[in-house]
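Visitor: The lines below spell out each chain.
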Amino acid sequence: MMVSRMRSDMIFRLISAGWLALVGPMVVCGNWSPAAAQVAEPKRFDLRIENNRLSGDLKVIRVRRGDVVEINWSANLRTVLHLHGYDIETTVEPDKTRVMSFTARATGRFPIETHGRHHSVLIYLEVHPQ
Amino acid sequence: MTIVTAVLFWLVTVRGAEAHALAQRYDLPLPLGFFLIGAGAAVAVSFVVLALFWRNDRGQFDAGLRPRMQGAIPHFIVGCCKAVGGALLLLIVCAGLFGNQSTFKNIAPVAVWVVWWIGLSFVCAFIGNLWVLINPWIAVFELAQRIATPWRNDLSLRWSYPTWLGAWPACALFLLLAWFELVAPGRDVPRNIAIALVLYSALTWAGFVCFGHELWCRNVEVFSVVFGLFGRFAPVQFEANGRYHWSLQPPAVGLLTRTPLAPSMTAFTLLVLGTVTVDGLMETPAWAALVDQLIGVQPSTGAAASYMTLQTALLVAGPLLLAALYLTAVALMGQSPVTRLAGQFVLSLVPIAVAYHLAHYFSMLAIAGQFIIPLASDPFGYGWDLFGTMLYRIDIGLVDARFIWYLSVVAIVTGHIIAVWISHATAYAVFDADTARRSQYPMLLLMVGYTMLSLWILAQPIVEPTIK
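Line order of the protein sequences matches chains A and B.
So the numbering used here is basically just the index in the first sequence, starting at one, shifted up by 704.
So the numbering used here is basically just the index in the second sequence, starting at one, shifted up by 532.
Just so you know, the hints here were simulated from the structure itself, not pulled from any lab data.
Incorrect hints may have been included.
Below, a list of computed lysine to any residue pairs in the SDA-like style, where the Cα atoms sit at most 20 angstroms apart [said to hold, decoys possible]:
| # | chain 1 | residue 1 | chain 2 | residue 2 |
| --- | --- | --- | --- | --- |
| 1 | B | K614 | B | P563 |
| 2 | B | K614 | B | V730 |
| 3 | B | K614 | B | L652 |
| 4 | A | K763 | B | V730 |
| 5 | A | K763 | B | P817 |
| 6 | A | K747 | A | K763 |
| 7 | A | K763 | B | E996 |
| 8 | A | K763 | B | K614 |
| 9 | A | K763 | B | H777 |
| 10 | A | K763 | A | E817 |
| 11 | A | K763 | B | Q992 |
| 12 | A | K763 | B | T681 |
| 13 | A | K800 | A | E830 |
| 14 | A | K763 | B | E674 |
| 15 | A | K747 | A | S824 |
| 16 | B | K614 | B | H777 |
| 17 | B | K614 | B | L714 |
| 18 | A | K763 | B | A818 |
| 19 | A | K747 | A | N780 |
| 20 | A | K763 | B | Q769 |
| 21 | A | K763 | B | P993 |
| 22 | A | K763 | B | Q556 |
| 23 | A | K763 | B | P561 |
| 24 | B | K614 | B | T681 |
| 25 | B | K614 | B | Q769 |
Among the chain A residues that face chain B by a calculated CB cut under 10 angstroms, a handful are [what the hints assert, rightly or not]:
| # | residue |
| --- | --- |
| 26 | R752 |
| 27 | P798 |
| 28 | F814 |
| 29 | Y828 |
Between beta-carbon pairs, the in silico distance windows are [stated by the list, open to error]:
| # | chain 1 | residue 1 | chain 2 | residue 2 | range |
| --- | --- | --- | --- | --- | --- |
| 30 | A | E793 | B | V870 | 31 to 41 angstroms |
| 31 | A | R766 | B | H607 | 54 to 64 angstroms |
| 32 | A | N756 | B | M922 | 28 to 38 angstroms |
| 33 | B | R790 | A | H819 | 55 to 65 angstroms |
| 34 | A | D761 | B | Y973 | 24 to 34 angstroms |
| 35 | A | V764 | B | E713 | 50 to 60 angstroms |
| 36 | B | T844 | A | N756 | 23 to 33 angstroms |
| 37 | B | S838 | A | D761 | 27 to 37 angstroms |
On a predicted model such as this, the values are computed, not experimentally measured, just so you know.
Note that CB positions come from ideal geometry on N, CA and C, so glycine has one too.
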């Protein structure tokens, strides 16, 4: 009985140690990312809002961390837009293009909502790690 | 308008009661690779444990339960903790009642929902049940007792608490709390939070007076019960019998119990575990699609109410389904009585929930928790700057998505390993070796399923149903 207890104890320690050896470096590497973002062409998106709804099939805007993002908005009605997280608000007047431009410095999935009378998610911005 | 910035101007956005930003999380879904590795590791580990572990480990079971170090906590520290707890409750209630009513200009919503509810549950699970020391209701009651001593030796009437009632009142209160957190409109409005706290304080002190605070905190005071549950997982244990003591033990061994939990505490545990999962389910596209199916996409006047009804239904159905599956797994062990065994094994599921809770809420705590820095300087939203931090800007880039993914998978697989271990150790302590091994097949199946569900939720993109 003593032997079996020691054996199971050893197995448990072995598994724990193996687990730590595997996971430790992964966590360290995972959190490390190059500090300097290279300057590149902005990622451009043209989006049209019809009656507070997005026209077209795009459901998610996907970019990488560090990208410069430019979203050109147009609408048939006056629409107040809010990109959550980055917290950028823009009002789009009928048939005038409005540019939302920013550097995607933080990763995450951020809703862009219409505010005001209609309060709903138009599209999500996903900023993925590099 | 061009803003080239990644920081959040916290002053600009919030529009009163409309704001639902507190509930807003910005996590990216777990990529497929992470999901598969996590799922595979969980299954593999289950079989390794099943094949190799714990032939007979009664000795180890008892050794694990013995504390490694212990001592008394100095009166001075206890006093400080109680003073801080009492003062914070007073501050939050006053700010909620009299302060600015915008969610992020008042300390109440962030202090209650982020720092207290999420932050303190992490502290309780990973360090120790600090709530024992800072519970403001106990602090105020003990102060009142001290003041009243010349006239009355005991403020409490010491009525006898009905045994059959057990922790069922705590279950009811937890369900109410979860409803307030996940469903209730206006949960981010400072005044609503303050009013709820005032009502709850009145109830709690009335209970203390009738039954004494020890009994009340064990069976009714929902925060004591829930933080106590998470606290079993922690390495530091705090205890209050006369004087306050601390003791140190390996993490998670507090979940090993010789005596099975009472049916009401078993129900409470399943309720907490089920709610943790329901919280995540409510943000999945599958849920949004179901809501769309049932209510329709077009916003209409009754839509908000029927959406709340659906959420409430899920909040009740989730824990019930978990309880049904768990009881089935326990019944399949082929031993009786099932109630006793249900109380014996239920705590082994806690590590899975704790791990999921960490994966689900870590980034929200790290990001929304930063609001407490400016709010500490201006708790009422009057424009004060007590500590010079009023203009602190929230950094939404504080934790990288990749870090969260690794953290999630590591936490979930580790939680699964611990859960399987607890269940095995318990089985070998209460059954003979043969029965013990056989009893673990249904539990393993349940645990693998529960872990997979957690991983699956984390791999879903967060969406809000269209009805708001």
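Visitor: Does each hint fit the structure? Answer for all of them.
Guide: Against the structure, the hints come out as follows:
1. B/K614 / B/P563: 44 angstroms, violated
2. B/K614 / B/V730: 18 angstroms, holds
3. B/K614 / B/L652: 15 angstroms, holds
4. A/K763 / B/V730: 44 angstroms, violated
5. A/K763 / B/P817: 12 angstroms, holds
6. A/K747 / A/K763: 16 angstroms, holds
7. A/K763 / B/E996: 13 angstroms, holds
8. A/K763 / B/K614: 50 angstroms, violated
9. A/K763 / B/H777: Status violated; Cα separation ~55 angstroms.
10. A/K763 / A/E817: 13 angstroms, holds
11. A/K763 / B/Q992: Distance ~15 angstroms between A/K763 and B/Q992 Cα, so the pair holds.
12. A/K763 / B/T681: Given that 20 angstroms is the threshold and the Cα spacing comes to 67 angstroms, the pair is violated.
13. A/K800 / A/E830: Roughly 26 angstroms between the alpha carbons, so the hint for A/K800 and A/E830 is violated.
14. A/K763 / B/E674: Answer violated: A/K763 to B/E674 is near 57 angstroms, above 20 angstroms.
15. A/K747 / A/S824: 25 angstroms, violated
16. B/K614 / B/H777: 15 angstroms, holds
17. B/K614 / B/L714: 29 angstroms, violated
18. A/K763 / B/A818: 16 angstroms, holds
19. A/K747 / A/N780: 24 angstroms, violated
20. A/K763 / B/Q769: 48 angstroms, violated
21. A/K763 / B/P993: 12 angstroms, holds
22. A/K763 / B/Q556: 19 angstroms, holds
23. A/K763 / B/P561: With a Cα-Cα distance of about 15 angstroms, the restraint between A/K763 and B/P561 holds, given a limit of 20 angstroms.
24. B/K614 / B/T681: 19 angstroms, holds
25. B/K614 / B/Q769: Satisfied, since the Cα-Cα distance of roughly 17 angstroms is no more than 20 angstroms.
26. R752: Check failed: Cβ of A/R752 comes no nearer than 19 angstroms to chain B, outside 10 angstroms.
27. P798: Violated, because the Cβ-Cβ distance from A/P798 to chain B comes to roughly 17 angstroms (cut-off 10 angstroms).
28. F814: 6 angstroms, holds
29. Y828: Hint holds; A/Y828 Cβ to chain B Cβ min 7 angstroms, cut 10 angstroms.
30. A/E793 / B/V870: 31 to 41 angstroms: Roughly 57 angstroms apart at Cβ, these two residues miss the hinted range, so it is violated.
31. A/R766 / B/H607: 54 to 64 angstroms: Between A/R766 and B/H607, where Cβ atoms are some 58 angstroms apart, the hint holds.
32. A/N756 / B/M922: 28 to 38 angstroms: Holds - the Cβ-Cβ distance for A/N756 and B/M922, about 36 angstroms, lies within 28 to 38 angstroms.
33. B/R790 / A/H819: 55 to 65 angstroms: 57 angstroms, holds
34. A/D761 / B/Y973: 24 to 34 angstroms: 47 angstroms, violated
35. A/V764 / B/E713: 50 to 60 angstroms: At 28 angstroms between Cβs, range violated.
36. B/T844 / A/N756: 23 to 33 angstroms: Holds, since B/T844 and A/N756 (Cβ atoms, about 29 angstroms apart) stay within the stated range.
37. B/S838 / A/D761: 27 to 37 angstroms: Once the Cβ atoms are compared, 29 angstroms apart, the range 27 to 37 angstroms for A/D761 and B/S838 holds.
The structure fails hints 1, 4, 8, 9, 12, 13, 14, 15, 17, 19, 20, 26, 27, 30, 34, 35 (numbered hints given earlier, in ascending order).
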